[in-house]
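K.L.:
Sequence:
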Amino acid sequence: MCDITNSIFHDEESARAFLEKERWPDGVVCPFCESKKHVKALNGASMGSGWYYCNACDQAKFTVRTGSIMERSHVPLAKWAMAFRLMASSKKGVSSKQLQRMLGVSYRTAWFIGHRIREAMSPASVAETGPLGGKGKVVESDETFVGGKAKNAHKNKPIPKKHAVFAFRWNTRASLGIDDVERTSLMIRAGVGKRLTYRPPDSSKDA
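Going by my numbering, the sequence shown runs without a break in its numbering and finishes at 646.
Among the hints, erroneous ones may be present.
Restraint ranges, calculated between C-beta atoms of paired labels, are given here [claimed, not checked]:
# : residue 1 : residue 2 : range
1 : K590      : S528      : 20 to 30 Å
2 : S529      : N595      : 35 to 45 Å
3 : P464      : K588      : 15 to 25 Å
4 : K476      : K530      : 18 to 28 Å
5 : N591      : D450      : 47 to 57 Å
6 : A499      : S453      : 17 to 27 Å
7 : S534      : K594      : 30 to 40 Å
Simulated from the structure, these hints should not be mistaken for lab results.
Every residue, glycine too, gets a C-beta built ideally from N, C-alpha and C.
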């Protein structure tokens, strides 16, 4: 269940601390050279909190967003945290319109967030990842039939054909007892290192 009263969904500092702990449970690691002991926190008033610098590789400054699906996004971290939890705890998925209402953002922003999270959870290719869900994993599946009923068809028109539509989703909760909190953690970690390309929606069609 998603507890929307948690401070990580409303306070930016709490959200940042939560995401840093999820990404770097053993301490901040440089996303460029993966060094840990040479990372220094930058606490300048002009930059704000959450900025780090690595003396080992002398790369640019970084935050928890760097090298993740949140990189180059101006969406507050608290809204990202809420989106992660909503999409991880929903059994039937979350639409862009629902994200728009829950997060209080534009449809375009909601679509952007949902797209990035879904792409981060998608395998790059079957050849690289193997069977859907992975060996020994549980896959949720469901089906529905699309098409009109024969009794409602016009007498001069042929009987409408039914089309079966199948939906599959990888899930580890059934076999491993993973709850929504752990599923959120898996979702966040899956987005690290992803470089995503996408076609933004037409802002004139907020459907």
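K.L.:
Check the following: the C-beta atoms of N591 and D450 are separated by a distance inside 47 to 57 Å.
P.N.:
holds (53 Å)
K.L.:
Starting from the hint 15 to 25 Å, judge whether the C-beta atoms of P464 and K588 obey it.
P.N.:
violated (54 Å)
K.L.:
Holds or violated: the 20 to 30 Å window for the beta-carbon distance between K590 and S528?
P.N.:
Roughly 40 Å apart at Cβ, these two residues miss the hinted range, so it is violated.
K.L.:
Can the suggested window of 30 to 40 Å be confirmed for the beta-carbon pair S534 and K594?
P.N.:
holds (38 Å)
K.L.:
Determine whether the Cβ-Cβ distance between S529 and N595 falls within the hinted range of 35 to 45 Å.
P.N.:
Taking Cβ atoms as reference, S529 and N595 lie about 44 Å apart, which means the hint holds.
K.L.:
Could you check the hint for me, namely that K476 and K530 are 18 to 28 Å apart, CB to CB?
P.N.:
At roughly 43 Å between Cβ atoms, K530 and K476 fall outside 18 to 28 Å, so the hint is violated.
K.L.:
Look at the Cβ atoms of A499 and S453 and judge whether their distance stays inside 17 to 27 Å.
P.N.:
With a Cβ separation near 26 Å, A499 and S453 satisfy 17 to 27 Å, so the hint holds.
In summary, the numbered hints that this structure violates are 1, 3 and 4.
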